[in-house]
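Asks: Based on the sequences and whatever the hints tell you, model everything.
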Amino acid sequence: MGFLDILLSETAFPSLKMVELFGVMGISDQPLVSSWTHVPTDQHPLLSKLSSRASIDRVRIHVGENRRLRGGYPADWVLWEEDNRELVGPPSIIHHLSTDLRLLVGGGEGRVWEDGGESFEGVG
Amino acid sequence: MKIGSLGCVIYDVDPKFARLKGKRFPPLERLTLEAFPLTIKNVDYWMKNMDWSQMGDLDFRAIDEPTYFFSESMKLAGGLPRLKALHLELPWFRETRDHQEFEDTFRRFLDVPRDTGLSEIALEGDYQSYLQAILDNHGTTLKKLRLHDPERPQEPQREMLSEPGLCDLGRRAPNLEEISIDINHTLNGSLVSPFAHPPTTIVYSSIVRDSQWDS
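Line by line, the protein sequences are chains A and B.
Here my numbering is used: the first residue of the first sequence is 1, the next is one more, and so on.
Here my numbering is used: the first residue of the second sequence is 1, the next is one more, and so on.
In case anyone wonders, no lab produced these hints; they're calculated from the structure.
Computed from a predicted structure; not experimentally measured.
Be aware that one or more of the hints could be misleading.
[Unchecked claim] Cut-off 30 Å, straight-line C-alpha distance, at most; resulting in silico cross-link-like pairs (DSSO-like, lysine-lysine):
(1) A:K17 / A:K49
(2) B:K143 / B:K75
(3) A:K49 / B:K144
(4) B:K48 / B:K75
(5) B:K41 / B:K84
(6) B:K84 / A:K17
(7) B:K144 / A:K17
(8) B:K143 / B:K84
(9) A:K49 / B:K75
(10) B:K144 / B:K84
(11) A:K17 / B:K143
(12) B:K41 / B:K143
(13) B:K41 / B:K75
(14) B:K48 / B:K84
Replies: Here it is in structure tokens:
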């Protein structure tokens, strides 16, 4: 059972209403920010996973925490509030969240971002 | 000093509140301190001149040396008996001895028997040393838990809750309604090839990335 499966399990966390995740992407993996978009829950694997738990009405994902972001562009995005279960964020972030889902659910595949991030170029 | 909807929020003012001229504050219920010098002298003055019996919400951010505050607060009657919410940016110490002293003190602070356990705890920094004390003393009363160790460039991957650790958290804090935690993107703690899924496009370099954030 993967990390998210445990977190979203009604057996493990029976009262859960809000989930906030830090570091879904690595520190070196800051995306380009071009425009904002909305993606319905059923078109996004991470959202689909999170929305499988009906009692959760708020989700916040902190995509990256690069220091350069602090005080400038926000490093986190509110994914949904109550019934508005749509991802809100730049399209490149949506792409990254899709691929990183494999890490979160422990599916045996995935990518890792080098700590420190100075030598790794992000992929979009 | 300003008392508002956020509680007691203090900016750049005289830490002794000399304008009070000997009067005591009304019982404090919420206190937020940010980058405030919690020196021994200041803490002694505060402990003496403030009524801490109703303190319900402590929020300390960028406080360099909170050790003495937590140590002294345990000497108050009941040791902040009404405390319900604690938000703390864990301090960084240059000296191992100072770090150890804080760790011991803060664990004892979490262990203080209160009327009820805390319902909200938020720790930012290396929280691993305090997790057991949190669950031992506040697990059943916790409704909101935030455990977040920020990523730092040029430093090793932060420690995070393992999957068994997450199971244990759920078992010992069954009333959690809100949880904020770090995700381990190294997949079970082991390194995975960055190109397990070959990238289709390289979309930015560090130079472009910098210019993007600066714009």
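Asks: Run the structure past the numbered hints and jot down the numbers of the failing ones, going up.
Replies: Hints 9 and 12 not satisfied by this model.
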